[in-house]
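Participant: Generate coordinates for the entire structure from the input sequences, incorporating the hints supplied.
Number of protein chains: 2
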Amino acid sequence: FPIQNLPFGIVRPRDSAPRVATRIGDHVLDLAAVHRVGLLPEVPPEVVEARNLNPLLGRDRATWRALRHRLSVLLSEGNGEIAAAGDAGDALLPIDEVELLLPVEVGDYVDFYSSLEHATNLGRMFRPEGDPLLPNWRHLPIGYHGRGGTVVVSGTPIRRPWGQVTPGEGPPSFRPTQRLDIELEVGFVTGGGNPLGTPIPVGAAADHIFGLVLVNDWSARDIQRFEYQPLGPFLGKSFATTISPWVVTLDALEPHRVPGPPQEPEPLPHLRRAEDRAYAIDLEVLLAAGGGDPTPISRTTFAGMYWTIAQQLAHATSNGATARPGDLFASGTISGADPGTEGSLIELTRDGPIRLPDGSERRFLEDGDTVILHGWAGGDGRPRIGFGECRGTVLPALS
Amino acid sequence: FPIQNLPFGIVRPRDSAPRVATRIGDHVLDLAAVHRVGLLPEVPPEVVEARNLNPLLGRDRATWRALRHRLSVLLSEGNGEIAAAGDAGDALLPIDEVELLLPVEVGDYVDFYSSLEHATNLGRMFRPEGDPLLPNWRHLPIGYHGRGGTVVVSGTPIRRPWGQVTPGEGPPSFRPTQRLDIELEVGFVTGGGNPLGTPIPVGAAADHIFGLVLVNDWSARDIQRFEYQPLGPFLGKSFATTISPWVVTLDALEPHRVPGPPQEPEPLPHLRRAEDRAYAIDLEVLLAAGGGDPTPISRTTFAGMYWTIAQQLAHATSNGATARPGDLFASGTISGADPGTEGSLIELTRDGPIRLPDGSERRFLEDGDTVILHGWAGGDGRPRIGFGECRGTVLPALS
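Taken in order, these protein sequences are the chains called A and B.
With the first letter of the first sequence counted as 1, position 234 gets the number 234 in the working numbering; the numbers rise by one all the way through.
With the first letter of the second sequence counted as 1, position 66 gets the number 66 in the working numbering; the numbers rise by one all the way through.
Because the hints were derived from the structure by calculation, they are not lab data.
We put the CB at the ideal spot given by N, CA and C, even for glycine.
Treat each hint with caution, since some may be false.
[Claimed, not checked] With beta-carbon atoms standing in for the labels, derived distance ranges:
no., chain 1, residue 1, chain 2, residue 2, range
1, B, T198, A, I354, 29 to 37 angstroms
2, B, D96, A, E266, 34 to 42 angstroms
3, B, E97, A, G25, 42 to 50 angstroms
4, A, G368, B, G58, 30 to 38 angstroms
5, A, Q229, B, T295, 33 to 41 angstroms
6, A, A397, B, P262, 28 to 36 angstroms
Facilitator: Quick look at the structure:
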């Protein structure tokens, strides 16, 4: 976590209330403590003494930028302002002395379906008889609403859900899912600022996007399969969604903007790309069986998503719907074209199970398995902009 | 609004901050004012001095009941406690001196599809080749997540949305919807109380349901038709959902509980009805063209819904998903079996347009049209438990 990153999150030091923090190396900077000594005049105290980033998200982009700029000055080598303010001496805390909490109180959670490769893979599996891509897919970023209230922070255990499934012919039975899967995604968190009835133009989307998080959209494929027609996924997804503890700002990712793949046919004018808004973020999925060591099972990139975050937000508000401070929009599963670049187990194991170092095999997750997502931009001599990990361990179903 | 009702809402008196209120006849009782003189010891001041009912929803059912019981005592004929507390003399305000605000800050919004007649009607229209009811429909209350952030209070104008539609063959075009429709629904608002991973049993659902509201789930049928496969409705619904200003408690509706229609096949044990949780609520839809008089266009009942609110909440949490204070769960369009009992225009006009008194016809809504939903239980000599109206006027699309 170099000074070029400075992501935002919520930490709870021991025996204290939650507050806003940024991360620098192996430390977090307690913004409430820095504010108390007068060094963050950009925002009122309630923005940094908050249980979530929502009050900050409710400010405008100029304020987000001014605050982050101030932090970069305060944390620059040779700056002694924090040290000079005696009362803020404990503002810099070792990362292992704080608890990382859910950074955002999520209002609405939208999940897109914006990877061409993932949509093609899933279409082949769920509708083997026809064209894997439905006629609308290249015209708009298909998405649906998930459950915002079950978004949890990295580290939260994931209880295996029950649901109605139809393993054979005949009526459904109610039992724990046998097909617990992951979905590797990147999500963006919005500020506010568009009144009801007023779309956000594709060229202005970045003004309304605070930053990105890693997302694991846990999925129960057997529950999803029985329920999803005609209104889409519901309980097969709504039991839990894990996000990374740090929201990485668009400004930190600015050096890593890329054009995104060509689009054919060209989207309608309101969705036509106004600028490069894909991001070269490398992604990795690791799986640890029981207490074992994590093994990489997938490696891919966010850069290849067919629809960019700007197109997604422009589409989601093109009917006049608002984006609230704290709304989360996830990309959909990120899969590449080559074997080993898929973002879900159902895709990774199409041609056979994954073999783990302990000799066991996986098609879907077993109790005790831990899944870890990593994501970073840069590296190889450039500052590495990371998200921290997005981790969850599967607990057995309730009996 | 008799003393048997005492619904909860949020009012803003002129030049004042919003606060919690109840309704009695043509007046509202300002609960913050009553609390200030010490007459509502059941709750702390922040519960009634709130911009929404969420802090109250976060309390338990015993507190909800104690508060409503206290109000019924204070408002009983002959009780002089409020009058005796001089400072609360302005607690009772004429309804036309306050603004009625959105009662709940909606977190997640779930929309079910629980009317057998509506699901059958829509299935015939959208999938004419097959069985109108899909195989899952009688096994679980089909539902999906809508957009909580665009739930608005009665009276909020509804801007006609733009979207991608395919009126003929060929690629889509982006234009204002030509098929703006309504959906007559009843929704319930939850408290909290189920930790992540812990389902709410069907027999305990009522402990987590604060009360009911009327819901108009505005729908753009042409936008919906192009986008909804494979992940369900998105922008065809997310532009606006109107709810009534008053949340009517389950206790007020207790005399109007009915069994609901028989279910065949019997649901799985976790969804089997534990008690009568359908409600005999009469419903009416009125349409006013331009500045004209409202004309009744549909009359139906909530009593006939196939899935009850208890079954809906048990299903929605059966995978361990939480319900937050302020989550909204709507019934889905309420349609009866007979002509004139359908809850949407697309159903009402299947066999021809509606004729209005001014001689005009409607298949879908035109700019300037006003739709009003009414709902009530009782009447005919019994106390009438009403919701107030759920109203919206269509504004022209942005150019």
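Participant: A separate judgement is required for each hint: does it hold in the structure or not?
Facilitator: Hints versus structure:
| no. | hint | in the structure |
| --- | --- | --- |
| 1 | T198/B <-> I354/A: 29 to 37 angstroms | holds (31 angstroms) |
| 2 | D96/B <-> E266/A: 34 to 42 angstroms | violated (54 angstroms) |
| 3 | E97/B <-> G25/A: 42 to 50 angstroms | violated (59 angstroms) |
| 4 | G368/A <-> G58/B: 30 to 38 angstroms | holds (34 angstroms) |
| 5 | Q229/A <-> T295/B: 33 to 41 angstroms | holds (37 angstroms) |
| 6 | A397/A <-> P262/B: 28 to 36 angstroms | holds (32 angstroms) |
In the structure shown, a violation is registered for the earlier hints numbered 2, 3, in ascending order.
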